[in-house]
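Chains as they are written, first to last, in our numbering: chain A, 5 to 557; chain B, 5 to 557.
Warning: the hint list may mix true and false statements.
[Claimed, not checked] According to the in silico footprint, chain B covers these stretches of chain A (three or more CB under 8 Å from chain B):
id: 1; segment: 279-292
id: 2; segment: 322-336
id: 3; segment: 547-555
[Unchecked claim] Simulated DEER-style distance windows between Cβ atoms:
id: 4; chain 1: B; residue 1: GLY372; chain 2: A; residue 2: ALA275; range: 28 to 38 Å
id: 5; chain 1: A; residue 1: GLY372; chain 2: B; residue 2: PRO400; range: 52 to 62 Å
id: 6; chain 1: B; residue 1: ARG509; chain 2: A; residue 2: GLY372; range: 30 to 40 Å
id: 7; chain 1: A; residue 1: PRO479; chain 2: B; residue 2: GLY372; range: 34 to 44 Å
id: 8; chain 1: A; residue 1: ALA506; chain 2: B; residue 2: SER160; range: 31 to 41 Å
id: 9; chain 1: B; residue 1: GLY372; chain 2: A; residue 2: PRO501; range: 43 to 53 Å
id: 10; chain 1: B; residue 1: ASP244; chain 2: A; residue 2: ARG23; range: 51 to 61 Å
id: 11; chain 1: A; residue 1: ALA275; chain 2: B; residue 2: ALA307; range: 36 to 46 Å
id: 12; chain 1: B; residue 1: ASN236; chain 2: A; residue 2: GLY421; range: 32 to 42 Å
id: 13; chain 1: B; residue 1: ALA514; chain 2: A; residue 2: PRO479; range: 44 to 54 Å
id: 14; chain 1: B; residue 1: ASN161; chain 2: A; residue 2: PRO501; range: 20 to 30 Å
id: 15; chain 1: B; residue 1: GLY372; chain 2: A; residue 2: ALA301; range: 26 to 36 Å
id: 16; chain 1: B; residue 1: THR548; chain 2: A; residue 2: PRO497; range: 52 to 62 Å
[Unchecked claim] Just a sample of chain B residues kept apart from chain A, beta carbon distances all over 10 Å, derived:
id: 17; residue: PHE245
id: 18; residue: ASP484
id: 19; residue: ASP488
The set of hints was computed from the structure by calculation and includes no laboratory data.
Note that this is a predicted model, so its numbers are computed, not measured.
All residues carry an ideal CB built from backbone N, CA and C; glycine is no exception.
2 protein chains.
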Amino acid sequence: MQTLLTSALVAAAALAAPRPPNIVLLFVDDLGYGDLGFTGHPSTLTPALDELAAGGMRLTSWYTAYPVCSASRAALLTGRQPPRVGMPGVINSLSAGGLPLNETTIADHLRAGGYKTLAIGKWHQGQQPQYLPRERGFDRFLGLPFSVDDGEGFASNCTPPAGAAAASVSAGGGVAVGSSAFTAPPRAPPAAVQRVGLGPSLPLPSIRQDNGSSVIVAQPTDLVPLTEQWWNFTRQFLRDFAAEPLFAYVAFGHVHTATPNVPGRQYAGCAFQGTTARGAFGDALAEVDWFAAQLLAELRALALEENTLLLFVSDNGPSLRWGLSAGSVGPFVGAAAAFENGTGYTNTGKGSTWEGGIRMPAFAYWKGRVAPGSHSGEVVSTMDVLPAALKLAGLPPKRGVVDGRASLADILLGRGGSAHNFLPFYNGYYGNVSTEMYAARAGRYKAHWITGPGLGGGRWPTDAHAAAELWRHDPPLLFDVQADPSEMFPLAPDQLPPTLLAELRDAKAAADEGMTLRAITADFGFEWALCCGVGCAAPCDNCTCANVPLPLP
Amino acid sequence: MQTLLTSALVAAAALAAPRPPNIVLLFVDDLGYGDLGFTGHPSTLTPALDELAAGGMRLTSWYTAYPVCSASRAALLTGRQPPRVGMPGVINSLSAGGLPLNETTIADHLRAGGYKTLAIGKWHQGQQPQYLPRERGFDRFLGLPFSVDDGEGFASNCTPPAGAAAASVSAGGGVAVGSSAFTAPPRAPPAAVQRVGLGPSLPLPSIRQDNGSSVIVAQPTDLVPLTEQWWNFTRQFLRDFAAEPLFAYVAFGHVHTATPNVPGRQYAGCAFQGTTARGAFGDALAEVDWFAAQLLAELRALALEENTLLLFVSDNGPSLRWGLSAGSVGPFVGAAAAFENGTGYTNTGKGSTWEGGIRMPAFAYWKGRVAPGSHSGEVVSTMDVLPAALKLAGLPPKRGVVDGRASLADILLGRGGSAHNFLPFYNGYYGNVSTEMYAARAGRYKAHWITGPGLGGGRWPTDAHAAAELWRHDPPLLFDVQADPSEMFPLAPDQLPPTLLAELRDAKAAADEGMTLRAITADFGFEWALCCGVGCAAPCDNCTCANVPLPLP
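Extracted from the complex, chain A is given alone in its bound form (with noise of 0.2 Å):
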């Protein structure tokens, strides 16, 4: 871990650079851990964030929280475990609820302690003036209310026709991705995959917060030019506030799979369309590349290059139900899934507690604190950030239960440490969410005590994670995720040391009494919708407008 070296690093740091350090969480929407040029990849290539993880620190066991979009935010902003939170797995475009206003969130905290804080890209904590970023610690927000699949975007026409002679090279540069005498025909996703509905859902809102005001910058939402827009943003965010500590939590809409209407439900800038080899799911995440190195060179423009923590990581796995548009469980494939639910397909990513759910591809970046070509396998989490980020402010620690651990900040800085001996995951939607632990990892072990499809094996929303659809284990299914990532090989009794069982066992109890589930006071049903600056009730189709004031709480 080169500690001396670090160890030299920091103390010369803490000299030169005694305010508080930046800090730039890049999360990216159902990317899986294998759709990375770093994580293995082979046609997807990503050469910035390649060269920012090879600069840095990988992480090769951060779990999320939870393994859906909403509860996985809501851990992170919160630092505690979604039931705890009361975040009943995912808030959809028609619901009236939002992360409960009595949490207090990391930007609250950083805010506080002198920090200028931004959200960028997709919330997906409440859609209700009272829920959205303004009012949860954000000076400045530019961003989508919920995912792109769910509020209906468009993508509109680029001209001239993008991507047309450059379908041989990577946007990254530098990348030859194979020639062919054999032409590529338009893509499309298999005929067998078919759209499972979320019900009625409505034009997808794009809202813009900053100096006291909120509005709805366009309803529907362009989905073409979002990106670069979100990082004119971000940078002018940095530029404005470069003498000050800064907090930038940048959401990509980025790769989650995008509503029916969008060709290949995924969409990337002009600039991007048609440049990679892996079609529209490679040119989005060449689009998420752009935006790395362009935040990159603008740190060193503004020569904070060395006074900024930047962590990358996803929200959850990918989704499985959308085929090709859908992202890669790289390694963590649950083979032992396929024996389970009989179908011969695994379904280990998004929405399940298979490692292909819950492992992220993820790094930390630092110049001259974080040892760079380093790795670490320490068990972290999601929920750690908001702790380590306090800690790393030097601001005090969030009182009340925090399920996440600031000892990242001391994997990061190669100080050592462990962040969590034993993780817990839960899992369920709505009114199934569970205050029984799914699985946990317990050193190189991982126990699974319940097992249930993710995304595209199941039936959810509206009946997954109904009894019929968990396997229940006791003892518990367990694998050893170092030497079988794959969860191929559940590990016999006479493979295990003697007193495992039984340490899974208190350790789970004694989680599982901690863990109340917080009362879901708002509805999470399809009740309420943001239709051009006013709530209706839904469904309220034909919302169009641009440039609608917001009314504030």
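With chain A's structure known, arrange chain B on it following the hints.
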């Protein structure tokens, strides 16, 4: 591809280094695509190989010519398709046959062109004296005549017990692999995995050929110090002939699974035992990584780094038969195969022409010539090594039918070009070797006409690839392996370019018509064993000896 930069480097190098380049080929046994750090494995890290890969060109569409050992190596040595060569899959420890004597090898050609030639490690091209490396173009040889799972080797004890205090740091240095309150137990393959017998076996011999002599160094072979011995022999070769053009073919015994008498079916030097998170497999791979690090250091010490092309590749995908002692196919899970074979498990590794059996982890490193940080997705083959090496050496091309392409050299040097617009894959063992194509890569597409399970999925070797185990596809099963490397979504007719099926049919017919199965004149049954320097009619157990001269042909 940084063409301008590379061209300038090439021009400079041409002035500075008129002598033919050294060529060093690191050829790993049964290493899966997903087993390395730079190909995405989360717990087994390979820092030296990762650094070499990052300092050179990663080749993400490198295919072996055949999915099992002897045939893959015959294709490497001859540049020709294995059925054309007459190599029936795998030579076992009781086979009288070998690579047919009228074939010329890459070593024959390079030696004739003034190179000094070295073979290290697993030979697997015949064990009778006329088939051993000395007669096939190699000046020196230290290694094994066949696989470590065929002849019975053994693993000596390390004193003091290795790895006792090093369990949380990998051998490569600087890599934390996760601490744990839960201790790791001794590991064993899952009880459900059973040995599929290869018939009678005998003690594994180790052979050295040098200065006109040929001796059995030891029978049986102690596997523990083996890789270190091989490195010492390689280093001596480099030092002895540093002033001359060199060809070194380093065919690791790692990470092929060993015989049941070796704990965990893997082995490693004492310095590596118990040092990695992944267990015995990770320890073995750490030793490969160490060899690569030693090699680079020695090339630098001898001032040969800028005159040496270093190629790294595997011989075929991992055997999935022996549980955790075997490797990982990475993204190439062949997900559609799970539905086909009805087992719920894909078995697409070694022995199959699904990507997991034939797509290899690969890179090229050549300081000043191969652009650092470059990638190529061009379709290349192990068969290309011979013609590319002759081109780089400035030697005349091999005459007769050569299936490999010298354009691999252009790709490595950043001069562009395509190696294979249509690359066929054949398969089968012994009497079932097929001259009908199983599969082919064509541009971004992969076509399967015949599919079957890999080793561990079928009843290999006695009756695998009999008709009952194979599925035939007409029209071929088609995948876009750039967008869908997991071979998860077969393409529907409306997803194909209009002429693709006709083009594929014509290309297959032409290739199959030109594919003559070389009469397999030597017997590859269970009839001849190398037993302490003499051949004996098999079975002949209890061969125990050291330093016994072998007859020269």
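Results of checking the hints against the structure:
1. 279-292: Our answer is that it holds, as 5 residues pass the Cβ test (under 8 Å) against chain B, meeting three.
2. 322-336: holds (count 5)
3. 547-555: Since three or more residues must qualify, the claim that chain B covers the segment 547-555 of chain A is violated, with 0 doing so at under 8 Å.
4. B:GLY372 x A:ALA275: 28 to 38 Å: Distance hint for GLY372 (chain B), ALA275 (chain A) holds at roughly 33 Å.
5. A:GLY372 x B:PRO400: 52 to 62 Å: Holds, at about 55 Å.
6. B:ARG509 x A:GLY372: 30 to 40 Å: Violated - the Cβ-Cβ distance for ARG509 (chain B) and GLY372 (chain A), about 60 Å, lies outside 30 to 40 Å.
7. A:PRO479 x B:GLY372: 34 to 44 Å: Between PRO479 (chain A) and GLY372 (chain B), where Cβ atoms are some 58 Å apart, the hint is violated.
8. A:ALA506 x B:SER160: 31 to 41 Å: holds, 37 Å
9. B:GLY372 x A:PRO501: 43 to 53 Å: Because 51 Å falls inside the window, the suggested range holds.
10. B:ASP244 x A:ARG23: 51 to 61 Å: At 60 Å between Cβs, range holds.
11. A:ALA275 x B:ALA307: 36 to 46 Å: Holds: the Cβ-Cβ distance is about 45 Å, inside 36 to 46 Å.
12. B:ASN236 x A:GLY421: 32 to 42 Å: holds, 40 Å
13. B:ALA514 x A:PRO479: 44 to 54 Å: Given about 59 Å between the Cβ atoms, the range is violated.
14. B:ASN161 x A:PRO501: 20 to 30 Å: holds, 23 Å
15. B:GLY372 x A:ALA301: 26 to 36 Å: holds, 28 Å
16. B:THR548 x A:PRO497: 52 to 62 Å: violated, 39 Å
17. PHE245: holds, 34 Å
18. ASP484: Nearest chain A Cβ is 8 Å from ASP484 (chain B), so the label is violated.
19. ASP488: The assertion about ASP488 (chain B) is violated, with a minimum of 6 Å to chain A.
The earlier numbered hints that this structure contradicts are 3, 6, 7, 13, 16, 18 and 19.
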